[in-house]
Amino acid sequence: MIEIIVFGVVFVVALGSSLAMLFAKNAVHAALFLVATQIALALAFLLEGGQFIAAIQIIVYAGAIMVLFLFVIMLLGVDKKEPLIEPLTGQRPLAIGLGAVLAAEMLWVAWRGIEFAAGGGDAAGRLVDTNQDPGNVLAVARVLFSKYLLPFEATSVMLVVAIVGVMVLARRMGMTTPGEVAAGAGEESDLASPGGGATG
Amino acid sequence: MSGIVDAIGIVVIIGAIKVIVAFVALLVVTLVVVWAERKIIADMQSRVGPNRWGPFGLLQTLADGMKLFFKEDFRPASADRWTYALAPVAAMVPAFLAFAVVPLGDDVTIAGREIDLVVTDINIGVLYFLAMGSLGVYGIVLAGWASGSKFPLLGGVRSTAQMISYEIALGLSLVPVVLAAGSLSMVDIVAQQADTVGNVTFFDGIPVLEQVADLFRYMPNWYIWSQWPAFAIFFISGIAETNRAPFDLPEAETELIAGFHTEYSGIRFAMFFLGEYIHVVVISAVAVTLFFGGWHGPGFDFLPWLWPLVWFMLKTTVFVYLFVWLRATMPRLRYDRLMWLGWKRLIPAALVWIMVTAVVNTPGISRNIRLAVFGALFLGVVTWVFRGDPRMKDIVTPQRRTTRGVA
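For the protein sequence lines, the chains are A and B, in the order given. If you count the first sequence from 1, position 144 lands on 143 in numbering that gives the first Met the number 0, and the numbers rise without skipping. If you count the second sequence from 1, position 42 lands on 41 in numbering that gives the first Met the number 0, and the numbers rise without skipping.
To be clear, the hints were calculated from the coordinates, so they are not data collected in a lab. All values reported here derive from a predicted model rather than from experimental measurement. Virtual Cβ for every residue (Gly too), placed ideally from N, Cα, C. Careful: at least some of the hints might be erroneous.
Said to hold, decoys possible - Cβ pair distances, simulated, as ranges:
no.: 1; chain 1: B; residue 1: Asn220; chain 2: A; residue 2: Val100; range: 36 to 46 Å
no.: 2; chain 1: A; residue 1: Val167; chain 2: B; residue 2: Gln210; range: 49 to 59 Å
no.: 3; chain 1: B; residue 1: Ile13; chain 2: A; residue 2: Leu97; range: 24 to 34 Å
no.: 4; chain 1: A; residue 1: Val108; chain 2: B; residue 2: Met329; range: 50 to 60 Å
no.: 5; chain 1: A; residue 1: Asn25; chain 2: B; residue 2: Glu254; range: 24 to 34 Å
no.: 6; chain 1: B; residue 1: Glu254; chain 2: A; residue 2: Ala19; range: 33 to 43 Å
no.: 7; chain 1: B; residue 1: Gly374; chain 2: A; residue 2: Val100; range: 56 to 66 Å
no.: 8; chain 1: B; residue 1: Val380; chain 2: A; residue 2: Val167; range: 44 to 54 Å
no.: 9; chain 1: B; residue 1: Lys149; chain 2: A; residue 2: Val167; range: 29 to 39 Å
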């Protein structure tokens with residue numbers, strides 16, 4: 000009974016705030032509605048017994064990525080109305096087409112049920128058992144650090160490469176940060192030291 | 000009555016009662032903490048502090064709260080209406096929520112039913128605490144933006160950068176504790192810290208250290224003994240997360256008037272205030288839970304359920320006092336030094352400590368490997384700690400004052 004009520008509230012909030020995000024005129028309001036959607040989705044995960052994924056959802060998406068969104072919006076001051084001229088033509092029909100494909104796929108999965116989506120058999124039952132017995136933190140860790148270790152590590156390497164790339168692109172030559180001015184421009188030698196002294 | 004109980008379920012009712020009790024208790028604790036902070040700081044500055052209403056001025060906070068409650072609800076014309084109203088709530092609610100996973104005491108039997116003194120023991124308690132901490136940023140960011148004024152915006156931008164930076168260090172500092180305890184549940188982590196450390200065999204065969212290690216048989220088995228670097232990182236980033244001195248840059252009054260809450264008054268300001276103090280209490284309580292044995296302490300036959308609560312509150316009080324003490328003692332950090340400390344010292348140190356804990360906690364690892372790890376760590380710390388410290392550089396090569404005119 001309680002579960003159905005919570006389920007109803009969560010999904011009304013999730014759906015309502017994602018629609019509100021689409022139609023919000025103000026960039027900060029849109030970001031906030033997205034945060035509300037993500038928190039509602041985290042609650043939905045909790046309702047399914049997925050406590051780990053719920054916590055990760057809030058920490059990573061609501062707590063880190065959306066804060067960065069807001070930070071950028073505030074810093075750049077893009078909370079004005081956007082001009083309605085599209086730099087890339089043909090976006091809209093493409094978006095409508097891809098959206099229709101996604102909607103069809105989701106309807107198909109919903110129609111065939113969770114067993115189909117999770118690879119047949121009593122998948123929902125197995126999910127409940129896994130959440131009960133080793134708990135989903137252990138279950139995720141076991142799969143992630145054994146069967147999927149290589150893809151997992153490859154992803155982390157990719158992320159590090161992306162971060163280094165961004166730093167190279169963003170750090171213009173001859174530009175100093177306020178910290179360097181104050182500290183006497185000794186940053187380069189210092190940047191190398193945490194890794195060198197730390198891991199040794 | 001029993002019809003209602005059956006319809007909703009006894010578990011839900013117990014949960015609701017726990018939530019209400021925790022909420023009210025936190026409100027009362029805040030009243031006391033605000034009063035205590037004013038008294039302690041007054042004492043440290045040779046003043047008297049609040050002494051008018053109630054014994055020792057104890058009811059001063061209540062008077063202030065009522066004053067704020069009845070003040071005019073003012074909103075600047077340039078403020079964003081809904082976000083301006085949302086921000087104080089967003090600052091207060093996560094602080095309250097984070098307290099839900101902190102265990103306050105042992106199981107208690109009330110009316111034949113076993114009740115654990117924690118609002119909820121979820122198996123990801125530590126992650127939940129971090130999740131609520133990461134939501135706490137919103138209140139300040141939104142307040143800064145929605146006020147539609149320069150100083151709050153500057154405070155908001157500062158606080159975003161600060162809290163995101165220190166959140167990483169905070170999260171990383173908890174990983175070693177989780178590694179050592181083998182669980183993310185706060186109740187389990189407290190259970191691991193029961194009893195005494197016991198027989199330490201690490202120093203066997205070394206003349207003096209062997210006898211010193213014997214003393215560990217009488218020491219409570221707290222994680223602070225083995226995880227003190229993690230605790231140091233946790234506490235420093237915890238202070239930064241609560242935006243208190245010496246990390247109170249988001250509301251630095253000497254440069255930003257009052258930072259993110261410049262435009263707030265009345266009950267909305269009170270909510271920010273409340274959120275900050277609850278956050279202080281929660282960080283202290285989590286520090287006690289993870290590193291200082293939680294509610295464990297000597298129990299007595301007289302009122303056995305009371306002692307865990309007393310020990311927990313005493314330990315938490317010590318940390319709240321430390322927060323106040325730091326505020327009275329430390330000057331505010333400069334912004335670039337704040338970032339330097341967070342990114343270049345705390346985060347690398349936390350990462351190294353995770354690796355050390357992972358190696359040392361591996362079952363069946365030999366003593367020589369452990370000694371090698373500790374030796375390498377010691378050398379690394381000695382060569383690294385003060386390198387690049389801006390203060391050290393200022394001492395070696397004093398900056399020439401080029402911007403100042405002739406005095």
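Structure-based check of all given hints:
The hinted window of 36 to 46 Å between Asn220(B) and Val100(A) is violated, with their beta carbons roughly 58 Å apart. A hinted range of 49 to 59 Å for the beta carbons of Val167(A) and Gln210(B) is consistent with their spacing of about 56 Å. Between Ile13(B) and Leu97(A) the beta carbons are some 49 Å apart, a value that contradicts the proposed interval 24 to 34 Å. Between Val108(A) and Met329(B), the C-beta spacing of about 56 Å keeps the proposed range 50 to 60 Å intact.
At about 29 Å, the beta-carbon gap between Asn25(A) and Glu254(B) stays in the expected band of 24 to 34 Å. At about 37 Å, the CB distance of Glu254(B) to Ala19(A) agrees with the hint of 33 to 43 Å. Checked against the hint of 56 to 66 Å, the C-beta distance between Gly374(B) and Val100(A) comes to roughly 60 Å, which is consistent with it. Roughly 30 Å separates the CB atoms of Val380(B) and Val167(A), a value that falls outside the hinted 44 to 54 Å.
Between Lys149(B) and Val167(A), the C-beta spacing of about 34 Å keeps the proposed range 29 to 39 Å intact.
In summary, the structure is inconsistent with hints 1, 3 and 8 from the numbered list given earlier, while agreeing with the others.
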